[in-house]
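J.: The primary structure of each chain is shown beneath.
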Amino acid sequence: MNQFLDLTLNGVSSGMILAAVALSLVLIWRSTRVVNFATGAMFMVTTFVAYSVIRATGSYWVGFAAAVLAGLVLGGVTERLLIRPVEGKPPLNAIMVTIGWLVLLQAVAGMIWGGTPRSFPPAFSIRGFEVGGDRLLFSPFDAFVVAVVLSLMALLVLLFRRTAIGLRMRASAFSPEVSRLVGVRVGRMLTLGWALAAGTGALAGVLVAPQTFVGPNQFDAILVFGFTAAVIGGLDSPPGALLGGLMVGLVLSYVSGYLSTELTPVGALAVLLAVLMVRPTGLFAGTRGRKV
Amino acid sequence: MQKLFGSTLVRHLVLAALACVGLYVVTVSISPYRNLQLATVALYACAAAGLTVLIGHSGQISLGHGAFMAVGAYMSALMMIHQRLPLPVALLTSVAVTAALGALVGVAAARLHGPYLAGATLSIAIAAPAVANYETFSALLGGHNGLSVPTRPAPLILGPMFPLERWLAWVTCLATVVTFVLLANATRSRFGRELRAVRDDEVAAELAGIRLGRMRVLAFVVSAACAGLAGALLAVVTSLAAPGAFGLGLSLTLLAVVVLGGLGSLTGAVLGAVVLVLLPSWSTDLAQRLGLSQDVYGNFPLAVYGLVLIVLMLAGSHGVVGVLRTLRAVVSSRWPVRTSDPS
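First to last, the sequence lines map onto chains A and B.
Sequential numbering of the first sequence, starting at 0, is according to numbering that gives the first Met the number 0.
Sequential numbering of the second sequence, starting at 0, is according to numbering that gives the first Met the number 0.
In short, the hints are calculated from the structure, not lab data.
Each residue gets a CB set at the ideal place from its N, CA and C atoms; glycine is no exception.
Don't take every hint at face value.
Stated by the list, open to error - In silico negatives: residues of chain A with every beta carbon more than 10 Å from chain B:
id	residue
1	R79
2	L91
3	L101
As the list claims (entries may be wrong) - Estimated spans, in silico, between C-beta atoms of each pair:
id	chain 1	residue 1	chain 2	residue 2	range
4	A	R126	B	R33	33 to 41 Å
5	B	E201	A	R160	35 to 43 Å
6	B	L306	A	E129	21 to 29 Å
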């Protein structure tokens, strides 16, 4: 029973990180109908930026801010330079471009920082809370993770629902033509959407790095888990991303606790295939007719 | 003569025979090291050919072909270690098993589109090495270190001093030439036409009586079988089947070289395989001359693959083969060749 509680708590905190990764994918899917396979590589780079800034300044929080800022810039630049030109071309082209970006970013990061994974400091202690003499598998840092991701979600909801710029972003995603006619700068909104998404990813990277370490290929599996979470959520809905992240986090935590840590990618694959077989476009996606 | 040459099968068989003669001349005249490189090129060409048919002709994407190669490699390694089966039997078993696995994945894939298919196959690429690393299977699959495959010397008929490398080059080249003949015929047959019909317009294809699901699954089966054969050959050539060789990097590299060669083109697959094998050694040479660090030149091929994928996709180009075709079109429009009237 104790192990079950521990695994559940652990699943919740890692699920929150996966939810942030999924949210990053969902934001991009909503704004440009592209699945960004470079998400993991992009927040690998921003986490390396944070690593270097922390080493140089000695302050965790400066590094944290640097990662988010680097994410915002990297996301915007990616949209302008790589995604804008493939708009309106077959979807395969956009997929290939993001995969090329993934490979290129990993290669460049390997050139700059080397292939050996580096350890990354957590913001708070990772020693579990003590309750009645038992040490839980839930630390102050895990609490920080949950708080950061939940407040990020709340901020994004506020942005999209309560501000003029959020309305413009939703309008551009919903109907670019009409939005252009009423004077929305659709291109800027798409760039902003990518920047926000990459910033969200950068947060996820900083939060997951103490566990996985940071290295060029360290986030490949996290990307797959985040994609699984996003697909469970329907790729289209931010609340779906949160729920999907939690589900995947819990399943993976149970798999690694009761079976083997090595098997977590297999667990993610099983969940993903099961969901896609039942609903080929995810659990929470609105049903939209496809031709065949 | 002209009628005989008009038959696709005869044309491909003649080309294959010429290729075999050419490869024979090459293998007896180059060093053992180059022979090993040739064998590696041949086996990657086999995997790339399968992937290029899948993406170029059926329009489905797979980011998980490294996983099929892994299955083929482990299968043939197990066959040769435990059953001591002869090489052709081990290779064919690997092909059969990966084809069956391809059917399984294909059934799942036939329901999926674009990004969903890409994501599902991506997770297969991540999961395959994880299975090999799983402790419970480590007695069977050798864990992180993998399985070492016993080296089979060349048959005694060829003489006791026959170099092993040349024998390996012969085996892989022969297997690849056979695969290419089969693929070249398949893509020019009714099967290939139906695949392209499904790729270009699902509704029209369905109305024309083509069963979409079956075509998509078949494309995956063919493609997986090629990757399985390539994996099995890789295990034979390197005498090793280890999880490290079949990571996500391999799947993405295969995708990059297939795009570089030109999607859907078998010639492009060969060019891509040549690049895949030679680029790392070129970049090492170059780096040593320039005095670069290992981190830089080790990642140089990856950077090239990434750039190639991005640039070719942004330019909407069809790779090296596309460039060659454009050149040929330009040349023939400038200097038209006078041909005898075929009628």
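J.: Would you mind marking each hint as holding or not holding in the structure?
T.: Against the structure, the hints come out as follows:
At the 10 Å boundary, the C-beta of R79/A stays outside the reach of chain B, the nearest C-beta of that chain being 13 Å off. Residue placement check: L91/A does not keep its beta carbon more than 10 Å from all beta carbons of chain B (closest about 6 Å). Against chain B, the non-interface label of L101/A is violated: not every CB pair exceeds 10 Å, the least being about 7 Å. In this structure the hint that R126/A and R33/B lie 33 to 41 Å apart at CB is violated, the actual value being about 58 Å.
As the Cβ distance of E201/B to R160/A is approximately 38 Å, the hint placing it in 35 to 43 Å holds. For L306/B and E129/A, the hinted distance range of 21 to 29 Å is not satisfied, since their beta carbons lie about 52 Å from each other.
In this structure, the earlier hints numbered 2, 3, 4, 6 are contradicted, and the remaining ones agree with it.
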